[in-house]
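K.L.:
Using full-length UniProt numbering, the first residue of the sequence shown is number 1, and each one after it goes up by one.
These aren't lab readings, by the way, just hints derived from the structure by calculation. No residue lacks a Cβ here, since even glycine has one placed at the ideal position from N, Cα and C. A couple of the hints might just be wrong.
[Said to hold, decoys possible] Computed spacing ranges between beta-carbons, pair by pair: (1) L57 x F111: 21 to 31 Å; (2) K51 x F125: 36 to 46 Å; (3) E258 x V310: 47 to 57 Å; (4) R244 x F125: 15 to 25 Å; (5) R195 x T60: 26 to 36 Å; (6) I157 x L83: 46 to 56 Å; (7) L33 x R283: 34 to 44 Å; (8) L57 x T245: 44 to 54 Å; (9) R85 x L33: 29 to 39 Å; (10) F59 x T134: 19 to 29 Å; (11) I157 x L3: 20 to 30 Å.
[Unchecked claim] Listed below are the simulated SDA-like cross-link pairs for lysine to any residue, each with C-alpha atoms no more than 20 Å apart in a straight line: (12) K315 x K161; (13) K184 x L174; (14) K286 x L227; (15) K242 x Q259.
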Amino acid sequence: MYLFTGIIVAAFVFSFWKDNRSLWNPALFLLSLISIYLSVAHFFYQNGYEKVHLFFLVFTFVFLPFLLFLSGLCLIYNGVILLKREGRSKANYLSMLLGFVILIFFGIMSFRLWDRNELFSTNHFLNLLFLFTTYSYFLFGFAFAGFMLYSILYLFIPKKKSYDFIIIHGAGLLDGERVTPLLKRRIDKAIEAFRASPNPNVKLIASGGQGGDEKISEAQAICNYILEETDVSMESILLEDKSRTTYENLLFSKEVGEQFVENPCFLFVTNDYHVFRTSTYARKLKMKGDGLGCRTAGYYIPSAFIREYVALCVKMKWLFLAFYVLLSALILIAYKGIIW
């Protein structure tokens, strides 16, 4: 147990040290936390601390499931609040949907545990359906927990302080030309970093193209806000007004920065829930630098974070497919002579 924990923790530390933006880090971080937890529980059990060991058991099998169930209810309530404040859209239903998914999981587990008619032991296909469903819950649940915990950790990683460029990621505009409260917080955070920078030549890159329902580009709206509301001069602002996605924000901003500085270092500013996934794009583009998150309205965070998670799952779809191929292979081996 202790050796396994040491190996996992060492693997996480090495991966984190090599590149804190690696997609391996969330999984290794969560595995490290779980293995440390189990090792500590085993230590108390070995040394005769029965009450302390009992606490670990209660926490694992009672308190954590209760928190998960409670989180399902809270997500549904959050979804109602979000719909009232932000209006109906597919994205705004996400937190409510996840809440129902969590509650359905408890319903499935309860039905399985209290199966008095032994349906699962006599019906192999029903048993396989339960296995597939449970596997999916744990696979995507593990990925979500790792992504969430590491995203929080990533926000607290110390920044280098000195950068050549500070990228402000665009967002939708009010009336097609004015910055939204969400975008305003990004700009204010970037200005704060700009003023604190020890590099006298640091520049801001306002990044964002013009949407179909927008009168000007998001980059121009950002620039207008900075010039109207701060003392930052136009000489310190560069515009990147072609991008349509987060990936393009970074790609085109990198191209802009490289026109002025060889091998530049960037600080990209976005909302806190969006920082880690954006950093993975920066890693893919081999950009030097860090992410900086600004505060987001509390009621908006669950839905926004779930969107980030879904986007990450789509990005890693082949890895998830590999896990399902593995499950299918194990089922075929285990049920040889029974279902085939």
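K.L.:
Next step is simple, just say for each hint if it's right about the structure.
P.N.:
Going through the hints against the structure:
Distance hint check: the CB atoms of L57 and F111 are about 24 Å apart, consistent with the given range 21 to 31 Å. K51 and F125 have their C-beta atoms about 45 Å apart, which keeps the hinted 36 to 46 Å range intact. Between E258 and V310 the C-beta distance comes to about 32 Å, which lies outside the given range of 47 to 57 Å. Under the hint 15 to 25 Å, the C-beta atoms of R244 and F125, about 45 Å apart, miss the expected range.
Checked against the hint of 26 to 36 Å, the pair R195 and T60 fails, with Cβ atoms roughly 47 Å apart. Taking the beta carbon of each, I157 and L83 are about 34 Å apart, not inside 46 to 56 Å as hinted. The hinted window of 34 to 44 Å between L33 and R283 is violated, with their beta carbons roughly 23 Å apart. For L57 paired with T245, a C-beta distance near 47 Å keeps the hint of 44 to 54 Å intact.
The hinted window of 29 to 39 Å between R85 and L33 holds, with their beta carbons roughly 34 Å apart. Take F59 and T134: their Cβ atoms lie about 22 Å apart, and the range 19 to 29 Å holds. The hint said 20 to 30 Å for the Cβ distance between I157 and L3, and at roughly 28 Å that hint holds. Proposed proximity of K315 and K161 is contradicted: the alpha carbons are some 30 Å apart, above 20 Å.
The suggested pairing of K184 with L174 holds, with an alpha-carbon distance near 11 Å, which does not exceed 20 Å. Between K286 and L227, the direct Cα distance comes to roughly 31 Å. Violation of the 20 Å bound is thereby established for this hinted pair. Between the alpha carbons of K242 and Q259 the distance comes to roughly 16 Å, so the proposed pair stays at or under 20 Å and holds.
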